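Peer 1: Okay, here's what each chain looks like letter by letter:
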Amino acid sequence: MTSISEDSDKEKVRSVSVDLNNDASLVIDIPDALCERDKVKFTVHTKTTLSSFQKPEFSVPRQHEEFIWLHDTIVETEEYAGLIIPPAPPKPDFEGPREKMHKLGEGESSMTKEEYAKMKQELEAEYLAVFKKTVQVHEVFLQRFSSHPIFRKDRNFQIFLEYDQDLSVRRKNAKEMFGGFFKNMVKSADEVLISGVKEVDEFFEQEKTFLLDYSSKIKDATAKAEKMTRSHKNVADDYNHISGALNSTAADNNTAFKKTISVCVLQKLEDRVASDQELKLTELLRYYTRDIQAAKDLLYRRARALADNENSNKALDKARLKGKDIAQAEENQKQCLQKFDKLSESGKKELTSFKARRVVAFRKNLIEMTELEIKHAKVRRLKSNNTLYGSKLSIFLLCQKSLGY
Amino acid sequence: MAEEREPPPLPGVPEPQDAEDLFVSAASAMEDAERSLSPEDISSSSNGPKAEPMLLDHDPDDLFAEATEEVSLDSPERQMILSDGPSPAITPVTINPRADVFDRSPDQDEDEEENRDTFDIQISVSDPEKVGDGMNAYMAYKVTTKTSLSIFSRDEVCVKRRFSDFLGLHSKLASKYMHIGYIVPPAPEKSIVGQRLGRRSSAVTELDPDAKACLCCRYLLRTVKQPALLKDPDVLQFLESSELPRAVSTQALSGAGILRMVNKAADAVNKMTIKMNESDAWFEEKQQQFENLDVQLRKLHASVESLVFHRKELSVNTASFAKSAAMLGNSEDHTALSRALSQLAEVEEKIDQLHQDQACADFYLISELLGDYVRLITAVKGVFDQRMKTWAKCQDAQVMLQRKREAEAKLQHANKPDKLQQAKDEIREWEGKVQQGERDFEQISKNIRREVGRFEKDRVKDFRVVIIKYLESLVHTQQQLIKYWEAFLPEAKAIA
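Chain order of the listed sequences is A and B.
For the first sequence, the positions run 78 to 482 when my numbering is used.
For the second sequence, the positions run 122 to 617 when my numbering is used.
Since the hints were derived computationally from the structure, they do not count as laboratory data.
Fair warning: this is a prediction, and the values are worked out from it, not measured in the lab.
We treat Cβ as the ideally placed atom computed from N, Cα and C, and that holds for glycine.
Misleading hints may appear alongside valid ones.
[Stated by the list, open to error] Lysine to any residue pairs mimicking SDA-like chemistry, simulated, CA-CA at most 20 Å apart:
hint, chain 1, residue 1, chain 2, residue 2
1, B, Lys590, A, Tyr466
2, B, Lys420, A, Glu192
3, B, Lys471, A, Arg458
4, A, Lys168, A, Lys469
5, B, Lys444, A, Arg458
6, B, Lys545, B, Gln523
7, A, Lys469, B, Arg580
[As the list claims (entries may be wrong)] One-sided excerpt, in silico: chain A residues whose CB lies under 7 Å from chain B:
hint, residue
8, Met178
9, Ala298
10, Ala302
11, Lys304
12, Met305
[Unchecked claim] Looking from chain A toward chain B, a few residues come up when the C-beta cut is under 10 Å (computed):
hint, residue
13, Glu185
14, Ser186
15, Phe287
16, Ala300
17, Leu398
18, Val437
19, Phe439
20, Glu448
Please take these sequences and the hints and turn them into a complete structure.
Peer 2: This is how it looks when you write it as structure tokens:
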């Protein structure tokens, strides 16, 4: 079982979405989390001055499934059709480190004690990194709601924060799973719809083109970034092995070897760079892939509303022609138009703020990543230089000794 | 002198095809030796008729007597660069004008030798080109030798050699020197059985021509670094003469090749059955050391190979990420962010190039060196085995002598005068053989001590040089990285 409760680290880590938690009237964070076997138990802590809550400060334990329940409930709420719904946090995935831990356990006999201890330490660090990441992602999810003027008043959201009993969110049974699958199919049909529907509003036309293109590009970039950081980790692992092997060789005699060990130790910094890169760039890209998808969903809903609107217009015309059910058709048409207008209006606002949010997040993230790269490269250069100097010095001293000085 | 001696029986490995070659080269070397036996030559750079005695080391009497004298003049640690080995025609002192320097301090360090080193020979192997076509196509390499040593007829020689020529040279040297305890550098390999990627596949991968050229170059450099081998006529011929007889016996499936394999198997069996009483603790300790070193170096080599592989992979992935980031930057509609993303893509591309270069450095500096040393250690172990074989031969001779003596004693009792004479002759013969065996054993032990000492010094030197080069490459890489990211930082900050 691992638990986490450092704030400063989280501050560093929280660059995928900025400007959250600025409003003191509702402050949410996840100060603590426990990991047991497969499940992660998050402690959601709320501080609020709003009267709609029973207490000014409280905490509840929540599991991942309950976060998903909150997300699905909000998606299904009709009222929020015109808003970008924050993307659901991905399931905590400890498969990677767990598999490696398993392999390490199997290969224990074939390596020296120090090597084993070192690898174990590294795996634990990796595990911790995954853990931190998932906590952060869940936290940001809640903070998106709390910082949004409309979402924060949602009743379900408040229940999520407050209700200290188990929400008894049962797992989706087979029918619901199937329903979900069906919904996905409909969604892809929507994609065709959205590109087919004639757009009257230029703003939305532009947004549509942009989002469709951008979403595929960012998905691709995310995948490539992930591959890159994985290779980087491989390289760092190799340096680990090499330093282990060198350790045993240098136990023999040579100072020359010992020097190389220090080099390899410094190369372990590569590992740290790899996980920093991972946390910064890849997380940013991953997060915005999901966010872009949420923005696209908004567009789908609007497009559907537009289609509905057009259908209702046609129905009204038909009714007028036929001369019956006119009032009903008129009512229908009025509703559709209203819905569409509302969607368009809020959609425009949401998409504009989304763009601003995205640009700011990218900026912060890129700056932080670059600064880290520079810092680490400087440290590595310093260490390499020192080792180089040390080696040359030792040769020089040896020369002196042999010449009899 | 040449007229007295017959061409010697080829020691050890029967390689009928090479026999003529050896004789040819031996004869020509002897002629050379005759010619160059003038006093002026002796003092200049100590290269007299060294070649001749080495070929004929099986001739028991005068050579070895002189040789032991010769060698005992040096203390085991001293490394006379150009005057090793039996050279009866030259007195040791005049060989090296710098000989007096040796008297100064007992522990020689390699750097002192370096300072006084007129070991001025540079070899490069380059320009692999394909010659011929179809089945008979092969790669020819240009071997350039630049030297100021006088054993070479010209200052700069340039010859064309093919890969099997290298193998031929190695087999000749091995047959001549291994059994007297010299460490012969192992032959460059045609292809490597790679232990790649966690032993998933031990695929035999054909080396690309440039890597092979490097391998051959290092092989030659190691060979000439060894003073005994430098003076060897085969080596000289290899480096100098424009035409070299084809070394056919190096082909894997030739008769000689198969014979070699059979011999190797026999050797392996013998190694297991010979139980040697090691009287010298030094040898035992050294053998153990080399065993350990072998294991460690192999492990290290495998790790470095996997590092090279992963770094290459990293460079590929970085390149593809760079492309993807560029596309993302294109589709981004916020101008400043779009520009920043394109810049990021450029930085990543430069970094990918950097990774590639670093991978090359990793490979050519460290991985190859380790590979060479793994093979060298096999050669060293081989030399130790030779010593064991020599000891076994000596023991056998002693046993035979004992038997002959017993037979003689029996005959004495039986009183058969004619057979007695024969028995006495045989005893004398076997006494001679025992003496010879003991001398051989002494010789090989001495040689091995010297060789091992030299090997260890060289090893430290090699590794140190390589490590420094590698560190410098690392520093350079970091420097470049810093430069790239610092150039990018203002771009990132400029996103409004």
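Peer 1: Taking the hints in turn, state whether each one holds.
Peer 2: Results for each hint:
no.: 1; hint: B/Lys590 with A/Tyr466; result: holds, 12 Å
no.: 2; hint: B/Lys420 with A/Glu192; result: holds, 13 Å
no.: 3; hint: B/Lys471 with A/Arg458; result: holds, 18 Å
no.: 4; hint: A/Lys168 with A/Lys469; result: violated, 52 Å
no.: 5; hint: B/Lys444 with A/Arg458; result: violated, 28 Å
no.: 6; hint: B/Lys545 with B/Gln523; result: holds, 12 Å
no.: 7; hint: A/Lys469 with B/Arg580; result: holds, 17 Å
no.: 8; hint: Met178; result: violated, 17 Å
no.: 9; hint: Ala298; result: holds, 4 Å
no.: 10; hint: Ala302; result: holds, 6 Å
no.: 11; hint: Lys304; result: holds, 5 Å
no.: 12; hint: Met305; result: holds, 4 Å
no.: 13; hint: Glu185; result: violated, 16 Å
no.: 14; hint: Ser186; result: violated, 15 Å
no.: 15; hint: Phe287; result: holds, 5 Å
no.: 16; hint: Ala300; result: holds, 8 Å
no.: 17; hint: Leu398; result: violated, 44 Å
no.: 18; hint: Val437; result: holds, 8 Å
no.: 19; hint: Phe439; result: holds, 6 Å
no.: 20; hint: Glu448; result: holds, 7 Å
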